Amino acid sequence: MGDRPAKARGEARASDGNGPREQAGGFRRVAIGTTWVWLLVFALVPNLLVVAVSLLERGEHEFVHLVLSTDSYVRLLDPLYAGVFWSSFRLAAIATLVCLLIAYPFALALARAPLRWRPALLALVVIPFWTSSLVRTYALVILIKTEGLLNAVLLGAGFVDEPLEILYTELAVLIGFVYTELPFMVLPLYAAMEKLDWRLVEAARDLGAGAWSVLWRVLVPLTLPGIIAGAMLVFLPALGMFYVADVLGGAKELLIGNLIRDQFLSARDWPFGAAASVVVTLLMAALIGVYALSQRRLDAKGAP
Amino acid sequence: MIRVVSRTYQGLVYLLLYLPIAVLIAFSFNDSRSSLTWRGFTTDWYAKLIEDGDLLAAAGNSAIVALLAATCATVVGTLTALALYRYRFRGKPLAEGLVFVLIMAPEIVMGISLLILFVALGIGLGFTTVLLAHVTFCLPFVTVTVLARLNGFDRHLVEAAQDLGASELQTVARVILPMAAPALAAGWLLSFTLSLDDVIITTFVAGPDYELLPLKLYSMVRRGVTPEINALSTVLFVLTLVVAGLAQRLLQRQ
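Chains as they are written, first to last, in the working numbering: chain A, 169 to 472; chain B, 60 to 313.
Be aware that a few hints might be false.
[What the hints assert, rightly or not] What follows is a list of derived Cβ distance ranges for each label pair:
id: 1; chain 1: B; residue 1: A244; chain 2: A; residue 2: L292; range: 20 to 28 Å
id: 2; chain 1: B; residue 1: K107; chain 2: A; residue 2: L323; range: 29 to 37 Å
id: 3; chain 1: A; residue 1: V219; chain 2: B; residue 2: I182; range: 17 to 25 Å
Simulated from the structure, these hints should not be mistaken for laboratory data.
If you're wondering where the values come from, they're calculated on a predicted model, not measured in any experiment.
Ideal Cβ positions, reconstructed from N, Cα and C, are used throughout, including at glycine.
Isolated chain A, as found in the complex (with noise of 0.2 Å):
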């Protein structure tokens, strides 16, 4: 917190060491120059026109009619469609919990791993962070289709009589976020947990805290950035990952995502896809909105 004001000195000295050598002139035009082009033309612009597009009715022949509606808004409130919200964000924010339960001990854990195996124990975590979730999702039908491996193991040793049936079901898309999504946990709350001064810890237990109140008390909040910002890295992606929901749950679980694709790709219906698009974002923001808040709040706890 405290080097905003040399950074900003830093800044202007760099500015102002150029300003007699005006030749500095062309290289600095040139980077600014192509970074607000860049970020306007695909970031700015295409984001309003979503909000645009939503905002329009549907087209007979174009993908839409330049005529001002709120349509597209007032269907999303249709049962049908708040049902697909409603199960979406049902989903997603299961997922998001399971993966912090999981995750929390997880990260706890490798944060108090000894220093030597941090890196390799990380780098394994990292690891499926870069790679393809559409192929980990794929790894997973392998795991736990009808006459998949998890069946035959079962069955096998006789904890089940008949094999589960697991693929295409809402279980089946849930699993597929969990996994998928799981580093994007661990790494945000190891983060956290990395930076945590264990000394509070410690203090908390030598003045007679039992385990649940270190957890509830001591650590939960001193890592709540770190819990909120691998919620909203689960919770946000889960939203949009159709290929989840096509793979695993077999086209039956519409899920927001495959509604919005749905609606670009094969519906035609832009205003309605934009509106649904629209929503997430501004869902999005929110809680983009908490996070921050949190943030200020812990820093202000912290200040002294």
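Once you've looked at the hints, dock chain B against the given chain A.
Positioned in the frame of chain A, the structure of chain B alone reads:
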């Protein structure tokens, strides 16, 4: 006792993360169409991949797009990082905000927003649109990686160069870029893997006729489990593993 429980738990989670991938890779070498019984080692499924002309064409397209997208993203992303690091200009908070939007926007939202942009501009869907989209979603990763590196080193070096009479261009080319080089390389490698793997955004901007590897894999996966898909997935997995591993090494050495 607690240590044993914690180690066991850690081991279980790692098992959970890697078992599916291990099974997938193992059955890509299985001499049987069934993914249940082991009938001996074979590399036939890999040979089948190489014989598949459509697949090779898609892989070729993907390789070209990934190479170009990673290179363009590194150039534009680095210029953005330099602009944000070195200069003050009007609207800078907006520019920073837009980089953040590119990082945080759900892929599906970015996919449809770019589709709408390309249709509005009248650019036919295909190679060009895929390349522009891939550069756009790789760019913030390069910018953030380079910016982190730039913020990590001593500003006095830059000031010293300028006091000794280096022009802005010389300062950038001879002082700043060499110091940031590992981050540029890492940014390029990460962009390459991101471009190679992307399904969601590519689905929207590729159009019906332009075949790419992840889209091909997706349409194969939707049809069911086959050893060919296992082989293709294994190739992709190992490739991204190597490239991302290199990037990670470059970043850790900083």
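Hint numbers contradicted by this structure: No hint contradicted; all consistent.
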